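Peer 1: With the sequences and hints as input, model every part of the structure.
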Amino acid sequence: MVNVLEIIGIDSYIYLSVILFCIGVFGILYRRNAIIMFMCIEIMLNSANMLLVAFSTYHQDASGQVFVFFTMAVAAAEVAVGLAILVAIFRNIGSIDIDNLKNLKG
Amino acid sequence: MNVTILLLTLLIGALATYFSGKSAAKVALIVGVASFVECIFLICQQQQGVNVGFLAQWMNTPNIHIALNGDGLGLSLVLLTTLLTPLIILSSFESPIEKKNTFYALVLFMAFAMAGTFLASDGFLYYIFWELALIPIYFIALLWGNDTFEARKKAIIKFFIYTFAGSLFMLVAFIYLYQKAGSFLLQDLYDLNLTSREQYWIFIAFFLAYAIKIPIFPFHTWQASTYEKAPTVGTMLLSGIMLKMGLYSIIRWQIPIAPQAAKELMTTVIVLSLIGVVYGSFIALKQSNIKRFFAYSSLAHVGLIAAGTYSLTLDGMRGAVYQMLAHGFVIVALFFVAEIIFRRYETRLINEMGGIRQQAVKFASLFLILTFASVGLPGTFNFIGEFSLLFGLSQVNIWYAIIGGTSIILGAFYMLRMFQKSMLGETNSKPFADLTKIEGFVLGVLVIAILFLGVYPKPLTDLITPSLVEIMTQIK
Amino acid sequence: MDTNIILLLLLIPLLGSLATLFFGKKLGNASGVIATLAVFISFVVSVISFFQVQSTGTPIQVDLFNWIALENFNISFGFLLDQLSILWLLFVTGIGTLIHLYSTSYMKGDENYAKFFSYLNLFIFFMIVLVTGSNLLMMFIGWEGVGLCSYLLIGFWHKNQSYNDAAKKAFIMNRIGDLGFLIGVFILAFLFQTLDYMTIKEALMQGTNHQINMWLGWATLALFIGAAGKSAQIPLYTWLPDAMAGPTPVSALIHAATMVTAGIFMITRLNFVFDLTPWVQDIIAVVGALTALFAATIGLVQNDIKKVLAYSTVSQLGLMFMALGFGAYEIAVFHVITHAFFKACLFLGSGSIIHAMGGEQDMRKMGGLRKFMSVTYITFLLATLAISGIPPLAGFFSKDEILMVAFHENKILWFLAAIASVMTAFYMFRLLYLTFFKDFRGTQEQKNHLHESPSAMTIPLIVLAILSVIGGAISLPGASWLNNYLQPIIVNNAASNPHILGTSEYILMALAILGALIGIGLAYSKYIKKNTVPPIDSEISGFHKVLYNKYYVDEIYMKLIVKPIYALGTFFRDYVELVLSEIVFGLGKIADTLSLQGKKAQNGNIGLYLFAFVFGICFLLYYLFIAR
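Protein chains in written order, with the working numbering: chain A, 1 to 106; chain B, 107 to 582; chain C, 583 to 1210.
Hints in this document: simulated from the structure, not taken from any laboratory. Worth double-checking, as some hints may not be accurate.
Simulated restraints on C-beta separations [claimed, not checked]: (1) B/LYS286 - C/TYR1148: 47 to 53 Å; (2) C/ALA1183 - A/SER12: 36 to 42 Å; (3) B/LEU121 - C/ALA1194: 48 to 54 Å; (4) B/ILE111 - C/TYR1148: 48 to 54 Å; (5) C/ALA1183 - B/LYS132: 53 to 59 Å; (6) C/LYS1181 - B/ASP540: 56 to 62 Å; (7) A/MET39 - B/THR167: 50 to 56 Å; (8) C/ALA1183 - B/LEU298: 44 to 50 Å; (9) A/VAL79 - B/ILE267: 43 to 49 Å.
Under the rule of at most 30 Å between Cα atoms (straight-line distance), these lysine-lysine pairs were calculated in the DSS-like manner [unchecked claim]: (10) C/LYS1127 - B/LYS543; (11) C/LYS1127 - C/LYS1111; (12) B/LYS260 - C/LYS1171.
All of these numbers come straight from a predicted model, not from anything done at the bench. Where a beta carbon is used, it is the ideal one built from N, C-alpha and C, also for glycine.
Peer 2: Put into structure tokens, the structure is as follows:
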């Protein structure tokens, strides 16, 4: 089996992952819509996942890929709960703009 | 039989009182009297050489014991507690009190915690009892106090946080000592060889806890307002017994654990205490509220007691123990006097009283005896305490005795002034019924105790001297 | 036997006091009789013990039990009956009996009749404790106890607040002295590890060193302050004139004859200590002489009959202290006794007058009473002659002895004391002339009321007058029974080196008599010949006004001491308390402010939280991986 890393080098994966992560971070920081922020979190998660997979291949060690499965499962659970909360919030106040969610201030 | 019985009586008694509904007051009184009888019995046992202490392992890690001391010093203060508790309970029989069962249960619980503090000889246990005593008085003062809820909440919460914060320093000191000794047992802490620097900080930490509790100038600001706002029963418990916890702890814990520091810092702490004596007397002169007045007179008295303990002489310490008891008797009686006047005139302002003596001869006579006991007239127990205290101080430095002795003059000044304003003068237009049987009994018992011990203090001397001698050797 | 004597002596007055206190209402007028009997029994017991001690020559000493335990010694609840204490017992209980008897009539009809006798008996009890205690602290019980009784009795008519003020003042001023007493006790206890007179005496017999002498000086000075408080010497004398607010028998018993002599008793008791501290003795002599003169000048112009007698008492006490200062203890004691006789007589006489006048005490409203009250007049006259120093009455001998000692020791003080004696003669006769001579100046109603007092009051007067006349016999110059009697007590007894009656002594005696006659003559010419009556208050002016207002000493004390104390109290209460309290609250406020500021970060803006979160992560990463 051909090692994919021979076609595209490990450094490219790292760059892509960093770029994706940064996109996620900036998205989180700049957007106010909770759903989009969720998606940004998913991008960040997946950038990490991708890096894990890439290194897993690089080191010829499967445990990295096992990690990714766990992460995806957790992410799925998180999204399920998170979206449910968002729906509940939307039903209550008719918006999911995080600037309107300030009830938890000290 | 040992001292655990006494503590259990009070604790179970508190529970029983809580569940006894309408007859709570009577149950509480019976429990109080029972504990007093037990205490007398224990003292007799102890005097015959029976060990009434108790020691058992509580936890292995950390190494904590349930250790209760059965020596004369602790027992003498337990005697004070168990004598005053039933009297305090009895004194409130004629006051309107809501939710009697909770109230009296708290009073007994507090007596339990205070007796525990006097008996505990394991630092951890002692600390638990010490803090435990704070909880009932907090509720008693907050829920049954005078004035509006908001007004008293401010005073009571200040009192709670202030004394609690002080105690935390003591906790830190205990934890440090535990690190060193690997045990909280009093004897192990005595046996520690601490450097003078360590002793210095431990002394200071203990001092903060005790100075706030006693209180010593300038840590007294909680006192007057708390005494004023608390119900009379609470004030009696606070002034009669609880502030003795601090004084007792100086003798039992602070000085023997850090004797070197006690010697070094002696001047500072004695001067602070003596400032309290003069300062409290001066303020007492200008108080119009009788409860605040007694609060400041109390500040002056306990200042002298604290000075006596810090003199590190046997006479000073023995005088301090005498005076703790004597002050306990007198201040409880005096607060009860204030309550008796309040029941009839609905006022605590001294200026609104006056002209009572002719109407209530028995009351006036007892009040007069208490007034003179408070100023330490020879023949009263307070004189023996005051004399020993001042004598102990004079052995250190004659000027301490002179400054402390000004309390003799100033005390007479403010007490007689108060007595004159509140009792003498043209017969008051408002009628003043003389003492009821219960009121007469409570005041009578206290007056008899004061006069008897004033002429014949030997039983008490025999009780406390051995333990004080032991502590003195530890200091040396 | 010895214990029984002591217990009898102590318990009878105490029981009398308790009985009249608790059963006073039921007993009614019988309470006066019971109280009188109680004191009389004490007197009888005193006489018995007097003869016992005289015959055996050894003092009776009884320790009942250990009272206070101190580290190095115990203070026992013990009693000592020796020559000195028995002497005091005799005249305290003797005069006490007379005054009790007098009071049964004087206080009749008072609503607190029984209570009065209860207090009087309690006073006798404490006085007995004071003089019979075998150590200084036992004396202190009595010392403070008589102060308590004095407080109770001065403020006996407690509905009048100015009387209560006087009572309070007396107690507080005494307490200033008491602190001095205690300090003296502390120093003595520190030096000797005991408070027993006998043991201290023995310790001192073995000699002292310089260090001990210095401390002894401070001790005696402190004790003297105590004595000055109790015996009304400068600067603590102002309570005694005010103490006249009490019923007149009280003034006679407590504030003239017995309690105020406690200071002299104490110094005589400790004569062996005072002898070692000459500089304190000098202070005592000077203070005594100044007090004698100072009080006499004030006494010259007072119009209240009891105030005159009060200042006279202060002045006479000053003379006694002067004698003490010269180390002539037995002479001071002699004067104490004669003074007790004639001053009690004078006070009781004035009580009789006040009784007749329906409570009036102002001499300007009296006059001519001689016609109405002959017994009172004659006894009063005898006592007045005695106090003025006319031979052969009691006062002549004792006062003359004091002046003689003063002349030998210090001429200036002798001069002061002599002037005071002349003044004494003047103001006493002024008193006599204004009350008993010329015409009655009161209202018609009072005049109708005038009467001689009942026999319960006149009998004590007569007895005391007789004693004032013959009392001098106990210590005649040259052949003094008293000096011999006190020999065991007083270490440097004058009897052991009796001064010879030489020419100078006779000249001094003549001078003293002459001085007294001058004083009397002045009073005669002013109040009988010129028939002057002291002016009403508003017309008094100049130095007369200063004297009349007692040199404004009370006002000065008020301004300099009492007011500043109150001001300081107010200052502490209003400012220092506030500051201290604010500091505590301030600590709370700091926590509060910090949390308020911290709260602003928690504004609920998720964007901000996320920004802080990302920034924090970046910073941590930078710190952990790059900066290091």
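Peer 1: Please name the hints from earlier in the document that this structure breaks, with their numbers sorted from lowest to highest.
Peer 2: 10
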